[in-house]
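J.: Fit chain to chain and form the complex, with the hints in mind.
Each protein sequence line maps, in turn, to chains A and B. Numbered per this note's numbering, the first sequence spans residues 156 to 380. Numbered per this note's numbering, the second sequence spans residues 16 to 127.
No false leads were mixed into what you were given.
For lysine-lysine, the following DSS-like pairs were computed, each having C-alpha atoms within a straight-line distance of at most 27 Å:
#1 A:Lys225 with B:Lys74
#2 A:Lys234 with B:Lys72
#3 A:Lys234 with B:Lys74
#4 B:Lys19 with A:Lys167
#5 B:Lys27 with A:Lys225
#6 A:Lys225 with B:Lys72
#7 B:Lys72 with A:Lys167
#8 B:Lys27 with B:Lys88
#9 B:Lys88 with B:Lys74
#10 A:Lys225 with B:Lys88
#11 A:Lys234 with A:Lys179
#12 A:Lys225 with A:Lys167
#13 B:Lys81 with B:Lys27
#14 B:Lys123 with B:Lys27
#15 B:Lys88 with A:Lys179
#16 A:Lys167 with B:Lys81
#17 A:Lys234 with A:Lys167
#18 B:Lys27 with A:Lys179
#19 A:Lys225 with B:Lys19
#20 A:Lys179 with B:Lys72
#21 A:Lys179 with B:Lys81
#22 A:Lys167 with B:Lys88
#23 A:Lys225 with A:Lys179
#24 B:Lys74 with A:Lys179
By construction, these hints were calculated from the structure, which means they are not laboratory data.
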Amino acid sequence: MFELETAIDDWKLSFGKNDVVSPKETSELEEHLRGLIIDLGNSGLSQREAFMVGADRLGHPSELEQEYAKVNSGAQWRKRVFWMLTGYIAMTVVGTIVSAVVAIAGTGMAIAGVEGTVSAVALIAVMVLGWSGLPVLAYRQFQNLGGRGEHLPVKWFVATGIMLVVAPIITFGGRIAQTRIVDPSWYGESAVYFGFGGFAIHLGVVVFCFIAMWKFNNPIIEAID
Amino acid sequence: MVSKELVAASTKPLVLAVLSRSESYGYAIIQEIREHSGGHLEWSEGMLYPVLHRMEKEKLILASWKVGENGRKRKYYRLSASGTRAIEAERQQWFAVHETLASFWGTKACLS
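Isolated chain B, as found in the complex (with noise of 0.2 Å):
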């Protein structure tokens, strides 16, 4: 299991990750993550929202509240034009880090 700090540091570029394929609302963003991760990225769910308030501040997500499928109003969130460029900000300061860690562990044997 990740750790919570970890998690916490990691939850910005995910939901930059998520939003980037599409628009999308909190409950379907942490699904998303939790596949993509294979469950070994948990954490109170609720805790996504201050971050995705946060974001949207910085203006790096925009949010409109529309009638979901269930017929409830949801807020949805996308990627504004300096959410996606920094993306590729994000991109490599993980890689960054990924690869200097790599270096000293070697990449993960790939399973398939």
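If we strip away everything but chain A, and leave its shape as in the complex, we get (with noise of 0.2 Å):
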């Protein structure tokens, strides 16, 4: 027995694979379709014949979907972009909390009188532990490239990359500034202006983060309701 419904979702669940077209475009063809198989089921079809017809009239989905693709592309940038911004936010809360527990553990360390190579070691651990995340968070990236960007909105996107490239470079060069320039003496005051620099830098790129996140998120927001 044929079931018009089943099929109907079936269909439309070849659709909603790739996330070019949007359950709202979905819906917009399945009332195309529901049209077509009440048109062709009055002019004599059963319903089978009526939902096979209909199908194919719309068109074969991979081809839809590629339609669909180059006018979407934008969106789906935006899209891509905001989700490496949130990965971003994230990779900062994690790097905080390893941060954390590092000093934690090597304040622990510390006073149980851990011999020096043994704890600087296990730091290192806990640090890799935690920042394994980032190999992942850059796969990630590296998936989502491809496809065209035409409606990308240009100025937020090299912002986006200037930022992301720039404020990490800033934060090493200091580090490394501050170990092989800086004279032995003035380390430990230098470490607490290098550490509020760091602070600040990280806090300039998350707030730019959260602002970049919402103009690139706003345009997704459909204007028709």
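T.: Structure, rendered in structure tokens:
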């Protein structure tokens, strides 16, 4: 026995896979298919035949997806950058937690009187474990490359890219400068300044990320409801 | 039968032409084009929607979801001010092509 609703549901599922056709767009296509089925049914076809012919008239899902992809690429890119920024903020939060854990562990070990070499190795292990999320994030970003960004807000995209690249460079550069250039006698004091500087940069990037996320995410929200 | 490429190229002016009469939704737009073309224009009907969405992005048409007579939600499209202006530009282009070809081949004999 042919079940029309099941057939339509299955047909709809063939669009949702790649995130190219939004649910609203799918429901618009569904409306069209239902219209066709009613009209074809009125002209004497069985429900099953009407469904088959109607789906055929609408076109092959993969071809339709290709056309939708051309139109929706801007929105897709915004979504990707949005997730990238979310990732960065998550990373910052994770980083803070990792630093805190490392600091606590270091203090604990110092109090317990653990030997310097052992504690250093342990702290590095904790750091590595905590930061292992980074390659995962990088992989995700890498996966997201591809497709065309026709309607991407270029200004914001470039600014985000610069921020995400420049901020870590400045931070790391500061650290290197601290160890290489600064006079050992001034090391303790300079560490405080670098600490605050790094924190300020980090905070700036996070604030920027929130603003950029808002900017990128805003156009996704459909104006029509 | 009109070729796929030509149908694709003419979708935008056809949509503008249909919507210049009244607001409409996807299925009805297709029906109207089919009637007007005497069945000569056929294409994968789903292809209309990406075109509609592009035109919506270009602000040529405006869209709103309404409940249709069947009680289901339907997306209605109507012309925007810039869409109305775009019609004239499209008309000039298509007539330019048409007149050029007609000057070679002559206009189609009027059957009525």
